[in-house]
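A.B. asks: Listed below, chain by chain, are the residues.
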Amino acid sequence: MFKVENLKYSYPKGESDVINDISFDIAKGEIFGFLGPSGAGKSTTQKIMIKILENFEGTIYYNGKDITEFSDEFYEDIGVSFEMPIHFSKMTAMENIDFFLKLYKNKGDIEALMRRVDLWEDRDKMVGEYSKGMKIRLNIVRAMLNNPNMLFLDEPTNGLDPMNAMILKDMVREFKEAGGTVFITSHIMSDIDQICDRVAFIVEGKIIEMDTPRNLKIKYGKRSMTLEYKENGETVTVEFPLDGIGKNEEFLNLLQTKKIETLHSGETTLEDIFIKVTGVQLKDAE
Amino acid sequence: MPNRLWILVKGELQRLNKYNMTSVSILVAFIWGVMLFFVNADILATLLPIVILLDATMMSLMYVGSVMYFEKSEFTISTMLVTPVSNSELLLSKLLANTVHNIFSSALLIAVFVLIKDVQIHYFLITIGIIVATLTHTLIGIVMAYFSKDFTGALMIVMTFSLTMMTPYTLLMLNIIQGEFWEIILLLNPIQAASEIINAGFVGFQITYKYYLSLGYLVFGSIILYIFYALPKFQDYAVKNSGV
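So the sequences go chain by chain: P and G.
Going by the working numbering, the residue at position 277 of the first sequence is 277; the numbering climbs one at a time, nothing skipped.
Going by the working numbering, the residue at position 139 of the second sequence is 139; the numbering climbs one at a time, nothing skipped.
Don't take each hint at face value.
[Said to hold, decoys possible] Computed, partial: chain P to chain G, Cβ under 10 Å:
no.	residue
1	20
2	75
3	95
4	100
5	102
6	104
7	108
8	142
9	149
10	179
Derived from the structure by calculation, the hints contain no laboratory data.
Note that CB positions come from ideal geometry on N, CA and C, so glycine has one too.
Full structure from sequences and hints, please.
C.D. replies: Put into structure tokens, the structure is as follows:
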């Protein structure tokens with residue numbers, strides 16, 4: 001669907017490349033996560049992919065065609081949700097949506113979308129009266145109002161409560177099931193873990209890791225099993241190598257004779273991997 | 001007019017209304033109307049063209065500056081960039097909407113004085129004058145917005161422009177600067193040129209070569225400014241102010 005080859009970019013007054021020779025592709029129907037600390041080049045890459053930034057080096061293909069050859073009709077096919085609210089605050093939600101909808105040939109089912117994000121009842125309220133979460137949900141409706149084939153989501157769950165974040169993640173999954181493709185940036189690793197088929201980590205303009213969340217966890221995880229049990233009123237923690245664990249007599253004996261409190265494999269989290277590969281704590285990355 | 005441009009113009013006009021620009025415009029026209037209502041015919045004949053000139057020039061700068069400030073503060077320009085509309089459509093829609101908006105307030109003012117004070121108007125010439133003056137100054141306002149970082153900055157640029165351009169215009173009007181040489185040189189000042197083509201809309205004004213010079217200067221100057229600066233720089237401006 002998207003193929004990025006040897007992409008390089010530096011801002012007009014910048015001394016060095018913000019994007020430094022990155023290549024990746026996104027298959028049709030894939031949810032691709034793009035992760036990295038602040039200033040790593042995530043947003044710049046997205047801006048180039050959605051044709052906001054020009055004068056880049058390298059080639060980007062969308063459905064086999066160089067994106068520089070697309071006219072503004074390119075936007076009939078994609079939907080973009082920005083991180084911050086981007087609405088006319090002195091207009092109602094429906095006035096906002098109606099205005100944008102008229103600019104597209106393809107028109108989605110607005111009522112269904114608004115109901116899905118629980119905004120239908122508030123459709124005639126001024127957007128200025130909306131909470132941050134409501135504005136973010138309206139961003140998603142704005143991104144999907146033209147029935148796009150490809151979605152770009154920038155920190156889509158940032159500012160949403162867990163219930164609405166779940167609804168949004170379900171919408172992304174349903175979009176994928178209907179054949180859609182998604183490019184997503186987020187610093188909320190659990191979201192990425194739950195919905196992305198593949199992720200790429202970008203640091204200082206370079207992709208330093210790219211794989212499925214599962215493969216990354218295996219690669220960066222510890223092949224061990226940690227077991228906690230009670231003995232003489234105290235918690236005892238023992239770690240066993242994962243290889244050959246089924247024949248490890250000590251491990252099997254503990255399972256049979258002790259009251260086990262917890263049993264964990266050494267699988268790491270995407271958050272730990274993020275810290276390992278980017279060298280940045282997540283709170284600094286936001 | 002292509003359908004998409006028409007949708008954009010309607011959207012701009014709707015927002016001018018929602019963001020109370022139309023109300024402000026009517027209020028300003030009303031205040032001018034009240035002030036001019038009480039002056040005698042001779043003073044009215046001098047002041048009405050100046051008021052129409054201010055409406056078409058200074059107010060155009062202010063309105064388009066405000067609209068672009070709202071766009072910046074709400075980052076709405078970022079979402080406009082990812083719609084299937086071209087930059088020229090986006091820019092033209094602002095020019096056309098602001099012109100329609102200004103014609104409305106000027107027409108309101110003129111209508112009042114035609115009906116109440118029996119002011120004599122060349123309707124065709126005044127329409128041409130207001131359209132050209134408004135389009136030119138809206139375009140100048142858009143270019144000014146490219147250089148302003150915030151609302152205060154925008155206000156400072158507009159005020160500096162106004163002061164710089166209004167001073168020679170006033171000096172010429174008060175005959176402090178005199179002579180044909182200066183009358184021609186000062187037509188380079190867009191406000192002076194706008195004054196020439198707006199004055200032509202009032203009965204009794206003698207149309208000379210300066211009218212055609214001013215009209216040509218504003219029309220071709222605007223086309224050149226649009227093609228060689230406003231349009232090519234729009235993408236940079238939009239990206240810088242998109243907040244993404």
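A.B. asks: Does each hint fit the structure? Answer for all of them.
C.D. replies: A quick look at each hint next to the structure:
For residue 20/P, the interface hint is violated, the least distance from its beta-carbon to any beta-carbon of chain G being 20 Å, above 10 Å. For the restraint placing residue 75/P at the interface with chain G, the shortest Cβ-Cβ distance is roughly 4 Å, inside the 10 Å limit, so the hint holds. For the restraint placing residue 95/P at the interface with chain G, the shortest Cβ-Cβ distance is roughly 7 Å, inside the 10 Å limit, so the hint holds. Interface restraint check for residue 100/P: the shortest CB-CB distance to chain G comes to about 7 Å, inside 10 Å, so the restraint holds.
Among the interface hints, the one on residue 102/P holds; its C-beta lies about 5 Å from the nearest C-beta in chain G, closer than the 10 Å criterion. Annotation: interface hint on residue 104/P holds; nearest CB of chain G at approximately 6 Å, less than 10 Å. Annotation: residue 108/P was flagged as interfacial toward chain G, and the flag is violated, the nearest CB pair being 14 Å apart, outside 10 Å. Interface restraint check for residue 142/P: the shortest CB-CB distance to chain G comes to about 6 Å, inside 10 Å, so the restraint holds.
The closest approach between the C-beta of residue 149/P and any C-beta of chain G is roughly 14 Å, which is over the 10 Å cut-off, so the hint fails. For residue 179/P, the interface hint is violated, the least distance from its beta-carbon to any beta-carbon of chain G being 21 Å, above 10 Å.
When held up to the earlier numbered hints, the structure conflicts with 1, 7, 9 and 10 and fits the remainder.
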